[in-house]
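A.B. asks: So the sequence lines, in the order shown, correspond to chains A and B.
Converting from the first sequence to my numbering requires adding 3 to each position, the first position being numbered 1.
Converting from the second sequence to my numbering requires adding 3 to each position, the first position being numbered 1.
There's no promise every hint is true.
Unchecked claim - Which bits of chain B does chain A cover? Going by a derived footprint, with three or more residues having C-beta under 8 Å, they are:
#: 1; stretch: 7-14
#: 2; stretch: 74-86
#: 3; stretch: 89-101
#: 4; stretch: 118-127
What the hints contain is simulated information worked out from the structure, not anything from laboratory work.
Keep in mind the model is a prediction, meaning the values are calculated, not measured.
Built from N, CA and C at the ideal position, the CB exists for glycine as well.
Number of protein chains: 2
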Amino acid sequence: MNLRLQLAYDGSHFSGWQSQADGSAVQDKLEAAFRTLVGHRIVVHGAGRTDAGVHALGQVAHAEVPDGRPAAAWKAALNGNLPREVRVLASTRAPKSFHARFSATGKVYRYRIWTDPALPPHEIGRAWHLPIRLDRTRLREAARHLEGRHDFRRFSANRGTPMENTIRSLHHVRVRGSGSLFELEFEGDGFLYRMVRILTGTLVKIGSGQEPLTLLDQLFAGEGKPGRAAPAHGLWLVRVRYAHGTAGRRTGTIP
Amino acid sequence: MNLRLQLAYDGSHFSGWQSQADGSAVQDKLEAAFRTLVGHRIVVHGAGRTDAGVHALGQVAHAEVPDGRPAAAWKAALNGNLPREVRVLASTRAPKSFHARFSATGKVYRYRIWTDPALPPHEIGRAWHLPIRLDRTRLREAARHLEGRHDFRRFSANRGTPMENTIRSLHHVRVRGSGSLFELEFEGDGFLYRMVRILTGTLVKIGSGQEPLTLLDQLFAGEGKPGRAAPAHGLWLVRVRYAHGTAGRRTGTIP
């Protein structure tokens with residue numbers, strides 16, 4: 004059976020999504036739980052390869068599992084064998100053709116920034132503490148300018164593959180939050196390596212007045228210098244979209 | 004100068020608000036920071052004596068401090084000498100007559116419950132994980148029934164003082180959240196020791212169908228058995244109200 008998993012994890016406890024030699028990645032934890040349950044390796048494919056420190060509210064994965072256990076029962080079985088910092092929120096049967104990564108039609112990422120000199124304790128490890136003045140109107144303008152189909156090569160940390168297609172569509176870039184909280188929400192058909200963090204670093208340069216809005220057009224044209232990648236712990240994979248309905252919907256809020 | 008502080012803290016790192024012999028309370032951390040800054044003891048008075056594990060988004064405190072430093076500058080000075088799990092969000096000059104506890108006209112507490120069998124990792128230590136079926140409509144009915152002026156003696160853990168006035172007014176009891184998240188918000192003129200946690204434990208008994216709604220009237224009449232106090236880590240002191248405007252307003256949200 005092709006099993007589809009909806010997952011949440013606290014990125015500060017793992018060395019990212021993708022399997023590591025020391026078994027410290029989220030994928031490793033899931034594969035270890037499967038091994039305990041079925042006695043052999045089951046490969047888990049994730050929709051987004053989140054870096055170390057990046058959080059997930061709605062990661063999606065799939066795995067080919069033996070029949071016999073109802074799809075919904077895998078949720079409790081896996082959670083019983085996982086560290087509590089990674090949870091299966093739902094397990095459902097997927098069509099044979101479903102692939103968490105290749106079937107995905109879009110993703111939603113959120114980047115959280117706190118600008119007051121005092122970071123509220125419940126934001127530790129969950130937002131980038133950046134005590135500078137950000138102009139919300141300027142940020143909104145820059146965010147709108149990012150929307151659409153562009154060459155995001157300059158916004159990728161992956162410089163080793165010049166032949167890669169680096170054209171992507173950002174459907175929406177929203178600036179939410181109020182007061183000291185800035186939540187940048189990026190919705191697009193696909194994201195290059197570190198793209199959201201570099202977009203955030205660049206938006207911050209513009210929102211603080213250090214760079215003009217025109218920097219974005221320069222970068223789209225393959226020129227100019229983007230901002231430094233924002234730290235991993237402010238980034239959240241919120242949702243993964245598929246053609247028929249959505250998956251990876253976030254479940255609830257935290258005060 | 005009478006200094007008023009707005010504070011947030013992560014309750015899991017401290018043995019509650021009130022000073023302990025081992026210096027592990029939030030009050031101790033504040034008084035230690037003041038001592039470092041001025042060289043002698045300064046007594047800090049808090050609005051609410053939160054138990055160990057209880058979180059604060061908007062605690063208020065006051066202290067008599069030497070003149071010389073502007074009120075607003077105490078925020079950074081104190082934060083530079085506090086563990087990062089307690090933060091001064093604002094420091095302002097208060098009238099001589101202002102007392103964080105005795106001047107308070109009301110408080111808002113929130114109790115957070117997560118009912119799905121899988122607790123999302125970002126809710127660890129921030130919500131009571133109670134994987135049972137709660138009837139939102141029944142909970143709302145019971146919440147409404149709590150509103151008003153009642154004798155809450157049966158909802159207090161403080162059984163040693165029979166002469167104490169245990170009549171309090173609950174202005175609003177709201178049931179928020181959706182899906183697996185239940186947020187019970189209690190707004191009142193004052194709260195007895197452990198009152199919110201015992202109210203929550205009792206609401207859960209009614210919301211799960213274990214007890215009838217009429218239990219509340221019994222308890223108001225000094226009869227019957229309340230539910231057990233809900234665990235501390237689901238409780239949040241959200242706001243403290245004063246006659247002229249409000250203080251301790253929460254600042255922002257967490258995804």
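A.B. asks: Would you mind marking each hint as holding or not holding in the structure?
C.D. replies: The hints, checked one at a time:
1. 7-14: holds (count 3)
2. 74-86: holds (count 3)
3. 89-101: With 4 residues closer than 8 Å to chain A, the stretch 89-101 of chain B meets the three-residue bar; holds.
4. 118-127: holds (count 9)
In the structure shown, no violation is registered for any of the earlier numbered hints.
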